[in-house]
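Chemist: So the chains spell out like this:
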Amino acid sequence: MTDFLLELRCEEIPARMQLKASDDLARLFTEELAKSGLTPGAIDSFVTPRRLALIARDLPLETAAVSEEHKGPRTSAPPQALEGFLRKTGLTQDQLEDRDGVWFAVVNKPGRATADVLAQAIPAIIRAFPWPKSMRWGIASQTTESLRWVRPLQGIVAILGEDLISCEVDGIQSGYATLGHRFHHSGEITIGGASDYAEKLRACHVIVSHQERQSIIAEKSAQAAAAHGYTVVEDKGLIAENAGLTEWPVPLLGDFDSAFLEVPPEVIQLTLRINQKYFVLRDGEGKLAPAFICTANIEAKDGGAAIIAGNRKVLAARLSDARFFWEQDRKTRLEDHAKKLKRITFHEKLGTVADKVERVAKLARWLVEEGIVTPTTTVTPAKAGVSGGSVPTPEMPASAGMTKDRLADLAEQAARLCKADLVTEMVGEFPELQGVMGGYYARAEGLPDAVADAIRDHYKPVGQGDDVPTAPVTVAVSLADKLDTIFAFLSVDLAPTGSKDPFALRRSMIAGIAVLEFNNLRVHINQIILHWVSITFQQMSSDFQDATEQNRKNIALNQEITQLFSLIEIQKLTMVRDKIASVLEPKGGDAGRFQKWNELLQRGRNDEFIELRYKVLMFAGDRLKVQQKEAGVRHDLIDAVFALGGEDDLVRLLARVHALQSFVATDDGANLLAGYKRAANILKKEAPAQPTTVIPAKAGTHLPTEQPDTAATMDSRLRGNDGPLSYTPEIAEAALIAALDVAEPRTAQAVAAEDFEGAMAALATLRAPIDAFFESVTVNDPDADKRAARLALLARVRDAVHSVADFSKITG
Amino acid sequence: MAEGKALSFQDLILTLHAYWGKQGCVILQPYDMEVGAGTFHPATTLRALGPKPWNAAYVQPSRRPTDGRYGENPNRLQHYYQYQVIMKPSPANLQDLYLGSLMEIGIDPLVHDIRFVEDDWESPTLGAWGLGWEVWCDGMEVSQFTYFQQMGGYDCKPVAGELTYGLERLAMYIQGVDSVYNLKFNDAGVTYGDVFLDNEKQMSKWNFEVADTEKLFRWFKDCQAEWRQCIDNGVPLAAFEQAIKASHTFNLLQARGVISVQERASYMGQVRDMAKGSCEAWMESNGWTA
Numbered sequence: 001m002t003d004f005l006l007e008l009r010c011e012e013i014p015a016r017m018q019l020k021a022s023d024d025l026a027r028l029f030t031e032e033l034a035k036s037g038l039t040p041g042a043i044d045s046f047v048t049p050r051r052l053a054l055i056a057r058d059l060p061l062e063t064a065a066v067s068e069e070h071k072g073p074r075t076s077a078p079p080q081a082l083e084g085f086l087r088k089t090g091l092t093q094d095q096l097e098d099r100d101g102v103w104f105a106v107v108n109k110p111g112r113a114t115a116d117v118l119a120q121a122i123p124a125i126i127r128a129f130p131w132p133k134s135m136r137w138g139i140a141s142q143t144t145e146s147l148r149w150v151r152p153l154q155g156i157v158a159i160l161g162e163d164l165i166s167c168e169v170d171g172i173q174s175g176y177a178t179l180g181h182r183f184h185h186s187g188e189i190t191i192g193g194a195s196d197y198a199e200k201l202r203a204c205h206v207i208v209s210h211q212e213r214q215s216i217i218a219e220k221s222a223q224a225a226a227a228h229g230y231t232v233v234e235d236k237g238l239i240a241e242n243a244g245l246t247e248w249p250v251p252l253l254g255d256f257d258s259a260f261l262e263v264p265p266e267v268i269q270l271t272l273r274i275n276q277k278y279f280v281l282r283d284g285e286g287k288l289a290p291a292f293i294c295t296a297n298i299e300a301k302d303g304g305a306a307i308i309a310g311n312r313k314v315l316a317a318r319l320s321d322a323r324f325f326w327e328q329d330r331k332t333r334l335e336d337h338a339k340k341l342k343r344i345t346f347h348e349k350l351g352t353v354a355d356k357v358e359r360v361a362k363l364a365r366w367l368v369e370e371g372i373v374t375p376t377t378t379v380t381p382a383k384a385g386v387s388g389g390s391v392p393t394p395e396m397p398a399s400a401g402m403t404k405d406r407l408a409d410l411a412e413q414a415a416r417l418c419k420a421d422l423v424t425e426m427v428g429e430f431p432e433l434q435g436v437m438g439g440y441y442a443r444a445e446g447l448p449d450a451v452a453d454a455i456r457d458h459y460k461p462v463g464q465g466d467d468v469p470t471a472p473v474t475v476a477v478s479l480a481d482k483l484d485t486i487f488a489f490l491s492v493d494l495a496p497t498g499s500k501d502p503f504a505l506r507r508s509m510i511a512g513i514a515v516l517e518f519n520n521l522r523v524h525i526n527q528i529i530l531h532w533v534s535i536t537f538q539q540m541s542s543d544f545q546d547a548t549e550q551n552r553k554n555i556a557l558n559q560e561i562t563q564l565f566s567l568i569e570i571q572k573l574t575m576v577r578d579k580i581a582s583v584l585e586p587k588g589g590d591a592g593r594f595q596k597w598n599e600l601l602q603r604g605r606n607d608e609f610i611e612l613r614y615k616v617l618m619f620a621g622d623r624l625k626v627q628q629k630e631a632g633v634r635h636d637l638i639d640a641v642f643a644l645g646g647e648d649d650l651v652r653l654l655a656r657v658h659a660l661q662s663f664v665a666t667d668d669g670a671n672l673l674a675g676y677k678r679a680a681n682i683l684k685k686e687a688p689a690q691p692t693t694v695i696p697a698k699a700g701t702h703l704p705t706e707q708p709d710t711a712a713t714m715d716s717r718l719r720g721n722d723g724p725l726s727y728t729p730e731i732a733e734a735a736l737i738a739a740l741d742v743a744e745p746r747t748a749q750a751v752a753a754e755d756f757e758g759a760m761a762a763l764a765t766l767r768a769p770i771d772a773f774f775e776s777v778t779v780n781d782p783d784a785d786k787r788a789a790r791l792a793l794l795a796r797v798r799d800a801v802h803s804v805a806d807f808s809k810i811t812g
Numbered sequence: 001m002a003e004g005k006a007l008s009f010q011d012l013i014l015t016l017h018a019y020w021g022k023q024g025c026v027i028l029q030p031y032d033m034e035v036g037a038g039t040f041h042p043a044t045t046l047r048a049l050g051p052k053p054w055n056a057a058y059v060q061p062s063r064r065p066t067d068g069r070y071g072e073n074p075n076r077l078q079h080y081y082q083y084q085v086i087m088k089p090s091p092a093n094l095q096d097l098y099l100g101s102l103m104e105i106g107i108d109p110l111v112h113d114i115r116f117v118e119d120d121w122e123s124p125t126l127g128a129w130g131l132g133w134e135v136w137c138d139g140m141e142v143s144q145f146t147y148f149q150q151m152g153g154y155d156c157k158p159v160a161g162e163l164t165y166g167l168e169r170l171a172m173y174i175q176g177v178d179s180v181y182n183l184k185f186n187d188a189g190v191t192y193g194d195v196f197l198d199n200e201k202q203m204s205k206w207n208f209e210v211a212d213t214e215k216l217f218r219w220f221k222d223c224q225a226e227w228r229q230c231i232d233n234g235v236p237l238a239a240f241e242q243a244i245k246a247s248h249t250f251n252l253l254q255a256r257g258v259i260s261v262q263e264r265a266s267y268m269g270q271v272r273d274m275a276k277g278s279c280e281a282w283m284e285s286n287g288w289t290a
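So the sequence lines, in the order shown, correspond to chains U and W. The opening residue of the first sequence carries number 1 in the numbering used here; numbering runs sequentially from there. The opening residue of the second sequence carries number 1 in the numbering used here; numbering runs sequentially from there.
Because the hints were derived from the structure by calculation, they are not lab data. Mixed in with the good hints there might be a few duds.
[Unchecked claim] Derived pair list, reagent style PhoX-like, types lysine-lysine, alpha-carbon separation capped at 25 Å:
#1 K301(U) with K220(U)
#2 K205(W) with K331(U)
#3 K201(W) with K331(U)
#4 K157(W) with K133(U)
#5 K277(U) with K220(U)
#6 K5(W) with K313(U)
[As the list claims (entries may be wrong)] Partial pick of chain U residues on the chain W-facing surface, computed with a CB cut under 8 Å:
#7 P14
#8 A15
#9 K133
#10 W137
#11 G138
#12 S141
#13 R151
#14 Q276
#15 A296
#16 I298
#17 A300
#18 K301
#19 V314
Glycine residues also receive a C-beta, built at the ideal position from the N, C-alpha and C atoms.
Here chain U stands alone, though its shape is the one from the complex (with noise of 0.2 Å):
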């Protein structure tokens, strides 16, 4: 047994590649080593900008002997039967055994020497290695066929023990030698083995393990900033960084002037971290300090003063062209950069990011006419579980006594400015800082506070656990956006497929979904669709009018076509749209616009406005389950809520997901399924034709838009059921019907009001009527009567569990 050290080194590797490389290195090398049976003990795995190393423990010097027996033909079989096996195992007839008439090739394969296993395997690594990017250099570059790497790799240590690996992989021949640090160290150094590798790049300053550079920028940089009384900003990532682009870190402080901290600090903490991957500190207040702490690669001769000058003085021009652009943007009003948005495409299909900020400034102001979203929004904190986000402190005082007009206005003022921070050039330098920046330039101008939170933190919730926005203006405008969104790029079949989704609709989705829940927002999302589009017309309506208008002409169809528009509704949409194209046909005029024109209307044409309302149901719900999933909610109870379809109201829909999930976790869940299941199966087999109140349709896929009439349905049969038996029914069926007309009404009743843990409580009564009926009953009674009687029965029972959920869809 001996320890096996590998060395790769090469020129700078991307300090963000350098971890999966060497978690790749210690795999590759595992598998191929696999292949001839050999097992290392553990591997060490080593990283550095320079070098991609490991140490394999505990090899065997060589790979286990082996004995492989084959089968050959019958001894009576004829002499080309033989000569064909001894072609193949490569031996002579007196090397073979006769067992009972059948011979026998026994061919015994000695170990081999791991050094061989090593020499080949190197090689092999090295071209399969995956890097996410590669690249070919020098000579051998003549042809495309030589061998890619991330970059220049230019040596190879391998040794087993003390002795060399020979190997050699396009001109680059393995040896004892390697390089020390790129500044601290010249020549070469010689490796002795495994023992002595991280110890002897260590005194030619290089610290080989990326871990322990990561400590020690951690615990240099805390101790630098605790001697000028700061703490560092926590951030991991910024220390894996710095330890990829170090083999000798070196965490020095420097400071900047102060009277850069009027500009916001998230601005300079991006100048900071992603400009120049320093550490950002904070004073004993916990605000801002006015120094950052840089990490170098070297033992500076004069102790760093050169290095912390230096990068004090880049930081200073960035910081001076940050300030710039903090007081050349707040010359302008928001409302002035927001008039810029008309140059920026929002996508080619749905004109300018102008249109959009018009359809959400219309959109988040109608939500509030409606009185979906209230001065007073409840945020519960039950809800606040299910989304994931933290619970953000009541904004109530805020919007509280906020009239629903106030609120209206608000909103729709905080939506025509909520992207007029894209055209700053702050946000043109750092598009991080979009919603932030028009946030404060927002309060800069004296907007009311509402206004300016609305535009910072309209973009939110981003990503699982960011804070759910709860403000009324903040809510109304970032509902909005996220809607026009979704609703606009499904409209013209952009929607998301597969692993692609280039404009982040999954994501929108999710946001809105999570805002509404949060807030407990009460909407059937048919009635916003209906009313985007009657926003979107508007919009075309008054884009053709420009149209017309500039041309100076058509006055008279231009009246036409605004009063057609006022007439819309969505079921006479086809309609309008032809009477539109029929006139504008042979009118002309200008070429470009009424091309635009032409094609809204073509697309209106194939029914994609009133597709809409399905594609977004159906994409809602997709969401909605991988949210659920996500969320920890067996996918099958998703189904069974989703399977009764009709539902667009998404958070009456998600309680009763959540009431079923803790239902079924109970006995009385349990065995009520159980029971339930009893009787759809004898349904099912007695009575197939029957049909169910569930309609399958579209069931599963996507939710439909028309409310199965599930209510009328039941009654019908209640009031079948309700007539007087043709015989005496037993006592347990006599039970059963009786445990029904309780539970039956209680159940709808507790539905009706959405209270979904009372409608499965009613339920659970039914649990002992249906096992004692199921124990004493014969449902297929020879009797007609009695059989049709207790198959209704059955259905009953089946239909009043459906009023709750499809628990066929669940399983076990």
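With chain U held as given, fit chain W onto it using these hints.
Modeler: This is chain W only, laid out in the frame that chain U set:
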């Protein structure tokens, strides 16, 4: 930094010339046309293609009309200098050669923190890409270091290594000045401002305000037509010059703000087609295949 006697702007260039000359590079003079970067010089673009070894170094004035600031910004110029080195095939010790050049101009790597930070390069206009780094000195990007993988849509066989130094930035660092206009141009009292401040003011004005856009649009069309003629008559070097002219004309139109977002992509596509077409013709005329 400014320790010891810092190199003047012109001595910086002369030092680099002497250094790279010693490494076997042909020391060329700037290409006599407006280009946005040293990479556009045919000594880089076209010489990166094909199998022939090629080592060259040169200063290239680079024009970026939209970066003009009327001489008011201490770091931004619409006309500045790049120092460009190209070595094909890329020598095994190119990093060491580069670091040697930094020491030559007075940067001690045991006093200053030199780092190679990932920066992949791509020029859609030239149909080119490569992998490499931006080189940091005490947190400031002083050079770009690229191993060309493709040029004009063709795999580089062999690969060339390209170094680009931002001369003004490097000189400002070496001389320890905060404004480009305060750079010592020579050791006889002439500053960078003496030489270029008026030029920045006037050219910024022309780029942003004066240039006749109708003419510019026409020039662009003329370049395309002339490019076609060059291709048809088997003179790819002349064709490439038309691509360079079209590219700069497009940059001027951008500075005048008369190209919409949608049109922008289309113009860039036209320039790319001309550049790539020139590379293709150059490959053909030399009898090289992809």
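Chemist: Broken hints, numbered, in rising order?
Modeler: The structure breaks none of the hints.
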